[in-house]
Amino acid sequence: MKYCLSKKYTAGFAAVELTILTPFIMLLLFIAVDYGRVMSEVIVSNSSTGAAVGFGSMHNRDFDEELETTGMSSIALKDAQDLTLNSGETSKVSVDSLRVCRCYDPDADSLPEPTADTCSVTCDHNKEVYIQTSLTRNFKPFSGHKALPTSVPLNRTARFRVE
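When you line the sequence shown up against UniProt numbering, it's residues 1 to 163, in that order.
If you're looking for bench data, these hints aren't it; they were derived computationally from the structure.
Fair warning: there could be bad hints in the mix.
[Said to hold, decoys possible] Quick list of in silico lysine to any residue cross-link-like pairs, SDA-like style, CA-CA up to 25 angstroms: (1) K78 to S91; (2) K78 to T90; (3) K78 to V42; (4) K140 to S87; (5) K127 to F160; (6) K127 to V162; (7) K92 to G54; (8) K140 to L83.
[Unchecked claim] Per label pair, the in silico range of CB-to-CB distance: (9) Y104 to E65: 17 to 27 angstroms; (10) L111 to M26: 43 to 53 angstroms; (11) S94 to K146: 22 to 32 angstroms; (12) P23 to G54: 43 to 53 angstroms; (13) S91 to V33: 19 to 29 angstroms; (14) S94 to V33: 19 to 29 angstroms; (15) Q81 to N155: 15 to 25 angstroms; (16) P153 to Q81: 12 to 22 angstroms.
C-beta: ideal position from N, C-alpha, C; glycine also.
Please model the entire structure based on the sequences and the hints provided.
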């Protein structure tokens, strides 16, 4: 036995389905837009840290000189000028540049992460000197939906060996 609903009873099903699915579709749209925005800001943040550390590697070759953090910060801020300023913040990004070092041991299984404290230590073998720039940015999602976080910190670090 076949059951066939007349067109007059099936006409409202599409409207009911659309009503039920619309909030989920909008949430997916907000997530897709915010994902694209955060990826764009990550790319700009990577570019800014790379530009700042590149500037620092060209202008801070001498270990005895003080690190030119002002120039490095201005280069990073110039590269990040297309980012929007979040409400309640005074700067688009926060830039921190420093000189870090590590002692190179050819017999070691793994190399330690470079630190600023190692720069004042005498090494048994070679000392590797790096310029490092860290950039921090707070990403605020577009939608403000409760399912999404209100702020996501973006932290990027670039390091360039100078000695």
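Quick rundown of the hints versus the structure:
no., hint, verdict
1, K78 to S91, "12 angstroms, holds"
2, K78 to T90, "15 angstroms, holds"
3, K78 to V42, "16 angstroms, holds"
4, K140 to S87, "9 angstroms, holds"
5, K127 to F160, "14 angstroms, holds"
6, K127 to V162, "11 angstroms, holds"
7, K92 to G54, "20 angstroms, holds"
8, K140 to L83, "12 angstroms, holds"
9, Y104 to E65: 17 to 27 angstroms, "22 angstroms, holds"
10, L111 to M26: 43 to 53 angstroms, "49 angstroms, holds"
11, S94 to K146: 22 to 32 angstroms, "28 angstroms, holds"
12, P23 to G54: 43 to 53 angstroms, "46 angstroms, holds"
13, S91 to V33: 19 to 29 angstroms, "25 angstroms, holds"
14, S94 to V33: 19 to 29 angstroms, "25 angstroms, holds"
15, Q81 to N155: 15 to 25 angstroms, "20 angstroms, holds"
16, P153 to Q81: 12 to 22 angstroms, "20 angstroms, holds"
Of the numbered hints listed earlier, not one is contradicted by the structure.
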